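Hey, can you work out the whole structure from these sequences and the hints?
If you read the protein sequences in the order shown, they are chains A and B. Read left to right, the first sequence gives residues 1 to 333 (my numbering). Read left to right, the second sequence gives residues 1 to 371 (my numbering).
Bear in mind the hints are in silico, worked out from the structure with no lab data behind them. Some clues are possibly wrong.
Claimed, not checked - Mimicking DSS-like on lysine-lysine, the simulated pairs with C-alpha atoms at most 30 Å apart in a straight line are:
#, chain 1, residue 1, chain 2, residue 2
1, B, K70, A, K43
2, A, K89, A, K240
3, A, K274, B, K341
4, B, K70, A, K304
5, A, K304, A, K94
6, A, K36, A, K221
7, A, K304, B, K270
8, A, K221, A, K43
9, B, K341, A, K43
10, B, K341, A, K36
11, A, K89, A, K36
12, A, K221, A, K240
13, B, K341, A, K304
14, A, K274, A, K304
15, A, K36, A, K240
16, A, K304, B, K138
17, B, K138, A, K274
These numbers were taken from a predicted model, which means no experiment stands behind them.
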Amino acid sequence: MSLLAGPEGPAASTGWGHDHERKGFFTDTSICIGCKACEVACKEWNRNPIDGNLEILGSSYDNTGELGANTWRHVAFIEQGQERIEEAKESGRKLVSLGMPGIGPKSSGRRGATPAGDLSSTDRTPPDTPEFRWLMSSDVCKHCTNAGCLDVCPTGAIFRSEFGSVVVQEDVCNGCGTCVSACPFGVIERRDDGTISPFAHRGDTVDRMGTASKCTLCYDKMVDGEQPACSATCPTQSIKFGDHPDLTAEARQRVTDLHERGMTEARLYGANPKDGVGGTGSVFLLLDEPEVYGLPPDPQVPTKSLPATYARVGVAAAGMIAVAALSFLGGRR
Amino acid sequence: MSITEFDADRPPELPRTRRRGRRRRRRDLTEVGMGDGSREGAVVEDVEFERAGEFDSYYGRPVVKAPPWKEPIAIYLFLGGVAGGSGLLAVGAQCTGRPLLRRNSRLLALGAVGAGTVALIEDLGRPERFLNMMRTVKVTSPMSVGTWILSGFATFSGVLGAIEVDRMTGERLPLGALRRLLGGLELPSSVGQAVLAPLLASYTGALLGNTVVPTWEAGRGHLSYLFTSSASLAAGGAAMLTSPVAEAGPARLLATAGVVGDVVSMHLMKESMHPLEAEPLQTGQAGMLLKWSERLAIAGGIGTLLGGRNRYIAAASGAALLAASALTRFGVLYAGLESVKDPRRVIEPQQARLAARRAAGITDDSITTAG
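Shown next, in the form of structure tokens:
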């Protein structure tokens, strides 16, 4: 599908030329420690208000809940037992046997067992306990190659930046909300009343009120050559920021390494340019099925089937004219 | 209260008296503070940690988000349908010499499209910026395409409505030289209205269908048919309510055809869906609205067929049809908003289509890859 993006990448095909490489995130959840520094850094830099009323959700250590208008980074916490870990390993192994591209040889050893041969470069971090594990993953806007929100925005408030990211212009958006229902990942949302913000000064207001808002990949920092707040603050480099081609290559290598170590549950999410959104700018390394993390297993940008939907609109309209014409021909006085 | 060796010397404390009638509520130990300051309460409530459920989802939280659309959007869908259908009836009445049907339909079209536009603007997050809709023309955005259809239709309806009002008042509007211009615009405006009217009624199917809201997404192929049918029966009903039976013959036929189309397309739409996606259309508030919508549509249709030549039965049937159309729009809106709440409605159909593609040998288009 190439409605809005060609083979050279989304930035090139929207007329920006080749001045900038496409930028993106690679979020390696296997080394995320769930510290939520990214959430805090994002809120502070982007001046996002508090979501909700500070209620405790009780979802393990996650009291943020989900991405939304005021939460542009969200750290998920999942607790899993032995049975579930085995299932995840098996489903990851199946992806390899499906003949997915670019995977190294399978490891024959037990998980955590030291590989044979030269051990000088071996990772010596202790393995997870096999009985229990915590999955932690920092979710963010995917900055899709074919972005649903961008496609359906009727005002042109959402645009493709020169870095290949998808950004909302707050001063243009009129808050129609179409983009909210066009995002297959449930990321973008309209900032409505009900948000709380402790104001330092009387007269302060919440920015972006009544308009759609989401992660901008810190566009304001990037134009100055800086990296986004979340990746800059990540203490374990679980969130990496950089040129998209480099990051996906690194991500593929990392999955191969993990599989060789017996962690067959590792898999990439968003690194396939043939998927329903043309690949994402934010690539994730997951340790279980995407739905476990609250990610859709097969997202499709709605615009993909828009030509067919428009055809139905045309047929329905033509049918209505025909029925009306017949009604007048058949309606006697 | 401190405990010291001199406590024994304290005078005995009298038991606290409770005022009758206004009993103090006993507070649980876990509540913050004890109210009387006698004991420090728990600052953080006890929290039950929940585990992810039987099927895989993130604590049962929604995967996709519903648009922030409320009742005004359903009202707009209804009024836009009435306007579109009335526009077609007005053009037909003009061509076949039915002056009262033409006048009433033109005025209905103008009133409905005007009120619908107000409802649409009302639902924006920043209503004062509604003109930003006219900054661009984007074919990938049904909302943008619809805005241009709506504004074009409203313009033509405005011209035709002004002509009718002028005629009704015996050409006493202070139009001056504009009157001749308006007269010259009647035919082109009629043609424009005829072209845009059915599109106004059917584009909303793409507006809702071009989303990831499970029930609407699954209804992509049928929503336009449902909405044009609903628009036909509503506009037919409006004409039966307002115009004399002698001129409303075509309106009765249009309404009857609309009832058939409405009932059939709704059933086909539900059948084509994954059971989880169809469920919001059949249960809860939306299911109730749609059930009554179908009953009212069938009742109105039967009334139209059997008693359409009686002024009172025609008016009652027309009102029933209008109500049926409004209920359809509210039901479809509510069903969509309800459908995102359960992540299963997103995850299970997606897993099914992914598995179907894999079974068919297509393994290179998954978002999850092993490298």
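Status of the hints after comparison with the structure:
1. B:K70 / A:K43: Roughly 29 Å separates the two Cα atoms, so the pair holds.
2. A:K89 / A:K240: 25 Å, holds
3. A:K274 / B:K341: 29 Å, holds
4. B:K70 / A:K304: 27 Å, holds
5. A:K304 / A:K94: Roughly 28 Å separates the two Cα atoms, so the pair holds.
6. A:K36 / A:K221: Given pair A:K36, A:K221 holds - Cα atoms ~20 Å apart, limit 30 Å.
7. A:K304 / B:K270: Holds: A:K304 and B:K270 sit about 22 Å apart, inside 30 Å.
8. A:K221 / A:K43: 14 Å, holds
9. B:K341 / A:K43: 26 Å, holds
10. B:K341 / A:K36: With Cα atoms ~26 Å apart, B:K341 and A:K36 stay inside 30 Å; holds.
11. A:K89 / A:K36: Roughly 26 Å between the alpha carbons, so the hint for A:K89 and A:K36 holds.
12. A:K221 / A:K240: 15 Å, holds
13. B:K341 / A:K304: Given that 30 Å is the threshold and the Cα spacing comes to 24 Å, the pair holds.
14. A:K274 / A:K304: 12 Å, holds
15. A:K36 / A:K240: This hinted pair holds, its Cα atoms lying about 15 Å apart.
16. A:K304 / B:K138: 15 Å, holds
17. B:K138 / A:K274: Holds. B:K138 to A:K274 sits at ~25 Å (cutoff 30 Å).
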